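Taking the hints into account, I'd like the entire structure generated from these sequences.
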Amino acid sequence: MIIREKTGLFELLFATKGSVLPRILPRILAVSLLALIVVLIDGWVTSLPHLDAAPFAVFGIALSLFLGFRNNAAYERWWEGRRLWGQLVADMRALARDCRVFLPEDAPRQKVLKLALDFLHLHRINLRRLKARDSTQAWSGEDFSQADHPPCAALNAANVAVAKAAPDGFARKALSERLASIALAQAGCERIAATPLPYVYSLLVFRTTYLYCLLIPFALLEDAAWITPIFVAIIAYVFFGLAEVTEELAHPFGETVNGLPLDAICRTVEISLAPHLDIKAPPALQPQGFYLS
Amino acid sequence: MIIREKTGLFELLFATKGSVLPRILPRILAVSLLALIVVLIDGWVTSLPHLDAAPFAVFGIALSLFLGFRNNAAYERWWEGRRLWGQLVADMRALARDCRVFLPEDAPRQKVLKLALDFLHLHRINLRRLKARDSTQAWSGEDFSQADHPPCAALNAANVAVAKAAPDGFARKALSERLASIALAQAGCERIAATPLPYVYSLLVFRTTYLYCLLIPFALLEDAAWITPIFVAIIAYVFFGLAEVTEELAHPFGETVNGLPLDAICRTVEISLAPHLDIKAPPALQPQGFYLS
Amino acid sequence: MIIREKTGLFELLFATKGSVLPRILPRILAVSLLALIVVLIDGWVTSLPHLDAAPFAVFGIALSLFLGFRNNAAYERWWEGRRLWGQLVADMRALARDCRVFLPEDAPRQKVLKLALDFLHLHRINLRRLKARDSTQAWSGEDFSQADHPPCAALNAANVAVAKAAPDGFARKALSERLASIALAQAGCERIAATPLPYVYSLLVFRTTYLYCLLIPFALLEDAAWITPIFVAIIAYVFFGLAEVTEELAHPFGETVNGLPLDAICRTVEISLAPHLDIKAPPALQPQGFYLS
Amino acid sequence: MIIREKTGLFELLFATKGSVLPRILPRILAVSLLALIVVLIDGWVTSLPHLDAAPFAVFGIALSLFLGFRNNAAYERWWEGRRLWGQLVADMRALARDCRVFLPEDAPRQKVLKLALDFLHLHRINLRRLKARDSTQAWSGEDFSQADHPPCAALNAANVAVAKAAPDGFARKALSERLASIALAQAGCERIAATPLPYVYSLLVFRTTYLYCLLIPFALLEDAAWITPIFVAIIAYVFFGLAEVTEELAHPFGETVNGLPLDAICRTVEISLAPHLDIKAPPALQPQGFYLS
Amino acid sequence: MIIREKTGLFELLFATKGSVLPRILPRILAVSLLALIVVLIDGWVTSLPHLDAAPFAVFGIALSLFLGFRNNAAYERWWEGRRLWGQLVADMRALARDCRVFLPEDAPRQKVLKLALDFLHLHRINLRRLKARDSTQAWSGEDFSQADHPPCAALNAANVAVAKAAPDGFARKALSERLASIALAQAGCERIAATPLPYVYSLLVFRTTYLYCLLIPFALLEDAAWITPIFVAIIAYVFFGLAEVTEELAHPFGETVNGLPLDAICRTVEISLAPHLDIKAPPALQPQGFYLS
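Residue numbers (the working numbering), protein chains in the order written: chain A, 1 to 293; chain B, 1001 to 1293; chain C, 2001 to 2293; chain D, 3001 to 3293; chain E, 4001 to 4293.
A few of these clues could be false.
To be verified - In silico lysine to aspartate or glutamate, EDC-like type, Cα no more than 16 Å apart, as pairs:
| # | chain 1 | residue 1 | chain 2 | residue 2 |
| --- | --- | --- | --- | --- |
| 1 | E | K4280 | D | E3105 |
| 2 | A | K164 | B | E1105 |
| 3 | E | K4131 | E | D4148 |
| 4 | C | K2164 | D | E3105 |
| 5 | B | K1280 | A | E105 |
| 6 | D | K3280 | C | D2148 |
| 7 | B | K1280 | B | E1270 |
| 8 | E | K4164 | A | E105 |
Think of the hints as simulated: they come from the structure by calculation, not from any bench.
None of these values were measured; they are calculated from a predicted model.
Shown next, in the form of structure tokens:
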């Protein structure tokens, strides 16, 4: 995720970090070139049909409809992903406090928390589809990487530890409710990761955008011949740019420029749980070149 | 559901798998043909009235309104269906963990989980209105297919097993809350399956789309006579395409190209519950030709 | 509610069952007639002022705004009503299971469920403002029709039965939570039934629609004189049609064509509770001429 | 709140009760007069610049954006306020039932309910900022009007009564959960009452509306000179009307024509609680001249 | 937050307090000046190309899409922030009542409440990124400012106090649920504070707005040459104004004119808890020059 303080005019207009411009530039140039060719043919070779701009209005409305919908849906996926991780942060903190209240002994209490931290990292690794186990130290010392579903295996182990350590029904009830809440947030994240936006929307949006950019030069020949390629470039920037942004936001757990900073959130949880584990809290993650992983 | 990694330009423009184009092509050709006939009559037979494009703006606005609303409503149904199944996944995992914490003996614990798995498959079969019992092995060994409402019968059996096995009030309370949460997600799915979008919207959308496609040629005669059929084809593609997509998404449990992958989700639950049943987890379902059932 | 399988083209274009066309036809004809008069006066009597279509754009935008808002609000009321009844279905099933788990004896258990079924029917009767007690057999044998608030009286009786039969605190807690959840869904339904959409929106929408239909002919005189009445008829169909639909959906518990099928939902609950009452389940309600009551 | 059954055409077009027309008439007349002056100057004094209608499109779009957003936000505040009061109704009924289940003696049970009813009225008085204690009889006989926060004081007293009367932990847990749910709905209402929509939106909306109404005559001079004032009046009616409606809905607890009927809701609760207090239920409040307070 | 009663016409049109006009004036003047230069060059130096206004329609649609989305997202962040603080108010009140019900002794009860109040202030300080400890008296007398995460440290201390003072499982369960609810609201606030709207939207919105303002003069040359700078100024006011407002609302915890009044909300909680601490309630905070901090 890009973290920038309120930026000045210059950065807003010319920043490329965090911008989608570099990635969509080839497409913008391609449709602009086509527009230029249309203009040149119309001017020097043979007169092409000049369309009225009015019928394009309905086109623009349809495009807004598609892009607006897709943008909203993608942003909601992104924000729901963030909300679920916020829920995980709150649940992990509450789990630590619940353990303090309900589990009388220190060793099993810390065991539960360490397994929960392992779960969190395994959940992150699972969502990001990281192959190798990354550099994070395993908190509990157990290895879940061979399990069919590593995060579930870690949470199962935490559950078994709770079942062993709980002295009475209240403890069992309170801690199993907490673990169920964590499992719900986990399943929510997996839902977002496993269920992309319906593919058919991508088809509709891209095809309509291309058709629009290819036909619009014929509508501009009359009034704005020489400026047509520039106009097409701007329109392509706006529409391809939005399409690209929504593509990234729709996959909120990816390691992209607009992906959620899962590493930093996991670290936040580690900092919050450090006092409960009687260890020194690690430092918070800082953005590297405006990018927080 | 169609599962495709980020596809190249070529696939986006010409893919037919997952596209609605094949299904709506006849309608697109029909209205294009009508447009062509209008153009030919106007050019060769007798002059037809040329309409101004401006009054069509309000038409386009109304169409966007209808289609935009319908699209949002359909997508929300689809996503709510997915969310309810995500809730089911989380609840099944939490049920397994709760059983581990609250039920001291192995046999009744596994009995509850097997009945819950049967419930899940019967729920899926019920939502998809599959007649015959499909190939899924019955987990519990009991046959609920003759019950008035098979999924409810399976959940009732699980409830009776809980009532028998629970050693104290905490266990009864915790497990009955979990079963109630499952019942809530089940009723939510049945609500979506049993209550389609109001039929009157389909009427309004289709009639308005047809009227629009039949009248728009008269507005294009002036400026874009020869290109009119192409224009009409594009507009028809956009509007009929969106209408078709929303039709599929509004029935999220159907076995269509955009339906939810209920088989795969059930398998995910089986994988998650395998360690609790002391069996080897089955493999995750893979898409067949980009399609995940 | 109208229940139709995916219908063919013919039904979509010419169906009147479930369509609002019959009801709004007089209004459509009236404004079309006015448009015809304007055209005739302009052509044969005296030249009327010809307006430019452009200023009507803002009109159309405002209308879309009003109608779009009203449509969304009405649909949300309808869908929230359905969701609350889905919640009731889930709660009734969960109540039956909770009774099985927490109440040791059969007689008081069935008493609670029968009172809950009576509540459900009284709730339905209350929402639909049916005067006379309808044909539904009273399950519990008690008569609540003289109470100040019949559904609440039935639920109070169920609550008293729970208080008497509950053997311990867990049973009291679990069953009172269930009854509270039912009461919440009940109050939600009553909220929708008692609080219509603000009346002022109806005024704004109808007045703006009429003004628009009366003024639009002057904008069409220039280009589309003879086709003006047809155009006005189409626009009136679209806007009056949407206004009429939203009117029905905004009252989701009415016995209208788009009202919710409360009878069928109550029957579903009866089917679900039959095994718990040791009786044969009644048959599910079927649509009568596509209409499910 | 205005309560009208489905009204006829005549009422819809000419009703003033519940309409915002009377309040915005001066502003409509003012901008129409200005438009008339522009037309007269253009016709008789000196030719004024005639603007093209096209650039106004973006203006209209911006206005729709502002007004649409403000309308949605205001309606959501109104509907959330209603939902919170529906929650209060459900919670009060559930509180009465919980008291019946968990509190064995009659006197403290009725004490809790009476304090809760006092809370409800004090909450209503607090939201409406009524100075003097209104005519409602104090149910509990205690006077909370001198407390720093009267509704909280009443709820604190109910809480103390619960703490005294509860025979065991289950009762304490159940009843304190119920009171917490009431407190949540209360805080929600106070949030809406204390946090208006950001003031800056009012500025943007009003300034943009005025600018639009002042400039639009110059765009209409060409085609619709004589009809310009009427057009401006209609546009002003639509936009000022919507702005006024949203102003009222954004303050849902006010005693305005579109405010929520808090008196009637409080009465509904009193009717629901009467059987638990062994008193005769008071009559439901009826609308006075279509207005329900 | 600006708190103004319904203001008169004059204030609405010319108020600068709470308006964004002063901040965006330089940008408005800059683009107006550019427009003026274009007009002058076109009139006195050389004829510039005159564009048709129609292609700008799609531009305006795209801008509305971007700004409308951003406005909605920012307002939802603002309102969610407010809702979370309302949740905190309700939870603090409920915590005080729960302590009264479940904790038999006065001293530990007040200890818990004082630690909770410290948490609330530290949470506010954390959200607003205030460096120095502000003037608020520390309620509990403990110093958490050196902790890695001060609000969490205060809540941990409250949790320990609960664990010590709770006489039975019911008390532990009830109070730990309350603290978990507080932790959830806290994590929600931190989520909003730590996760800005995706930066790429700022880029898209600002770049598109500037491009639009720079190109629109060419479209107005034909019809509205001399009025072009005024038009551009108005359009810039509308679009830059909205962009600026959304920027502020998207950071709801900042000490800006549209930020949430966290000081006043904390004071409300102190007033609500005063009776439970047996102290005199402090006075409610009042707006200073319409501004409530």
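We went through each hint and held it up to the structure:
For a cut-off of 16 Å, the pair hint linking E:K4280 to D:E3105 is broken: about 35 Å separates their Cα positions. As the CA atoms of A:K164 and B:E1105 are separated by approximately 14 Å, the hinted pair is consistent with the 16 Å bound. The suggested pairing of E:K4131 with E:D4148 holds, with an alpha-carbon distance near 14 Å, which does not exceed 16 Å. Between the alpha carbons of C:K2164 and D:E3105 the distance comes to roughly 14 Å, so the proposed pair stays at or under 16 Å and holds.
The straight-line distance between the Cα atoms of B:K1280 and A:E105 is roughly 35 Å, outside the 16 Å bound, and the hint therefore fails. Of the pairs offered as hints, the one joining D:K3280 and C:D2148 holds, with about 9 Å between alpha carbons and a cut-off of 16 Å not exceeded. The suggested pairing of B:K1280 with B:E1270 holds, with an alpha-carbon distance near 10 Å, which does not exceed 16 Å. Simply put, E:K4164 and A:E105 have alpha-carbon atoms about 14 Å apart, close enough for the 16 Å limit, and the pair holds.
Of the numbered hints given earlier, the model fails hints 1, 5; all others are met.
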